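Protein chains in written order, with the working numbering: chain V, 5 to 276; chain F, 5 to 276.
Please keep in mind that the hints were generated in silico from the structure rather than gathered at the bench. One or more of the hints may lead you astray.
Any copy, or any two copies together, can satisfy a pair, since identical chains are not distinguished.
[Stated by the list, open to error] In silico lysine to any residue, SDA-like type, Cα no more than 20 Å apart, as pairs:
hint	residue 1	residue 2
1	Lys54	Gly41
2	Lys164	Glu98
3	Lys206	Gln270
4	Lys164	Ala97
5	Lys89	Lys191
6	Lys115	Ile195
7	Lys177	Leu248
8	Lys206	Lys271
9	Lys177	Glu252
The structure displayed is predicted, hence computed values, not measured ones.
Number of protein chains: 2
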Amino acid sequence: MEKQAITSRLTQSEIKKLKSLHTKKGRNREKLFIAEGIRLLEEALKFERKPQKVYFAPFLITPRAKKLTDSFRKLSVPIRAVTAKAINQISDAETSQGVLGLFDIPDYSDKRLFDKSRYILLLDNISDPGNAGTLIRSAVAFGFDTVMVLFNSVDPYNPKVVRSTAGAIFGLKVRLVDLADIINEKKNMKIPLIAADSGGSKMETGIKKIGPIKNFIIAIGSERTGLSSEIRKVADLSLKIDHLEAVESLNAAVAGSIIMREIYYQKIIKVK
Amino acid sequence: MEKQAITSRLTQSEIKKLKSLHTKKGRNREKLFIAEGIRLLEEALKFERKPQKVYFAPFLITPRAKKLTDSFRKLSVPIRAVTAKAINQISDAETSQGVLGLFDIPDYSDKRLFDKSRYILLLDNISDPGNAGTLIRSAVAFGFDTVMVLFNSVDPYNPKVVRSTAGAIFGLKVRLVDLADIINEKKNMKIPLIAADSGGSKMETGIKKIGPIKNFIIAIGSERTGLSSEIRKVADLSLKIDHLEAVESLNAAVAGSIIMREIYYQKIIKVK
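Make the full structure from the sequences, and use the hints.
Have a look at this one:
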């Protein structure tokens, strides 16, 4: 009897709403996304990103997840205990850890495109969720404060992207952007754009030439088609990573991460 | 009528056998794996790896795939034209390009563990197929000749791994290995082992100290648990990649690729 007393039933319409967040359409309508599992929620806590609500199944969770829900409770986040069946219904994971958070999708549409952004990673035609998430993770690791995602790429709030960021999605500004807006605002604001491009100069020497710089954009394109021609046209510098010709190209997340690391290593980025 | 004349029917037992290659058990029994799609097969051709057989659906393929089958035909590879339905049945891809190759899984069990291998990437507990494939791709890009995969990792002939290598799996020796064998043979042969480990020395300076070296092993562990303690114990050098503490770790494929690139960049590897 006690088991039933502490969990509450989700209505069919609540379950339907939560499940709709696995689709882009649903997320766009609700302006919400789901982050599942202990690790992602611990990172949200670390980066001080408060969920709108946390759902957990008391009979699925470990002591570590219990501690997590207690921390959110202290921050006055509404916590909802539900049945294991309900959590599995709304979970995207193969095996649910019994806990997930509902987060607002930040809306920056009233802010200028480059408002407060200094070091920007631009994703152009990155369709693989694992690659997008990995790039966001590396961006946080190497001191970038913003990821701009062109509409030709995977939605950054896709559950697989969120998982691949390992929580780094809570560590920087993520903004969906239009190609034309980037091109215009780049010109207006005179922000340098650095393109990862196999036709560019050698990365190590190219970065050395950058010198003191207030802000910049690094653009990473897809493995198959490379960067959009419009982006390539406005690039101030193109960088290539030396490798043997035995492979045509590196994985996009690897290439982007190698360039971001080199920029971090050469101290182009001023870390607070 | 003509349509039927040029394709032949696969029997149920043929389809069953081919489909079984999507599982590890099936691959182990048949000693075969499947590589699907134009890009992978073009790479096989480039690396001179002859498939045992090629299957294609004449009414699905593009001129580029047609050219590919012609090239294999010239090499006396048996080519089998089958129906679109049959190719879709044996395909693992979401949308089949209508062509796939059946390849032997190379067996090195009669060879010494480090036979002819000079630059070895060792995968320890790498369970994500995308990460394993990406690491193999980077290994070929940066001059490694062998990937050794511990049994605790994903099977390198898993279709998702093969796809993530973008064909690089045909560009080096891939060998499944036992942890105890690695430890023993490393001692016998006195091969240095370099571990990617967040507790190690800074990568850039650590690699500088390596100097001229005939052969070595780079070991990459999982993001969650790191390297096996047995591997860490026998490491001659541990390397870490500097990054902000905002993230706990980098993605395993990114970390491994960054270290391999640095080794390549610092010319520790003698490329032919």
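Cross-check of the supplied hints:
no.	hint	result
1	Lys54 x Gly41	within (15 Å within a copy, 44 Å between copies)
2	Lys164 x Glu98	both (12 Å within a copy, 17 Å between copies)
3	Lys206 x Gln270	both (14 Å within a copy, 14 Å between copies)
4	Lys164 x Ala97	both (9 Å within a copy, 18 Å between copies)
5	Lys89 x Lys191	neither (53 Å within a copy, 52 Å between copies)
6	Lys115 x Ile195	within (17 Å within a copy, 57 Å between copies)
7	Lys177 x Leu248	between (35 Å within a copy, 17 Å between copies)
8	Lys206 x Lys271	both (17 Å within a copy, 15 Å between copies)
9	Lys177 x Glu252	between (32 Å within a copy, 19 Å between copies)
In this structure, only the earlier hint numbered 5 is contradicted, and the remaining ones agree with it.
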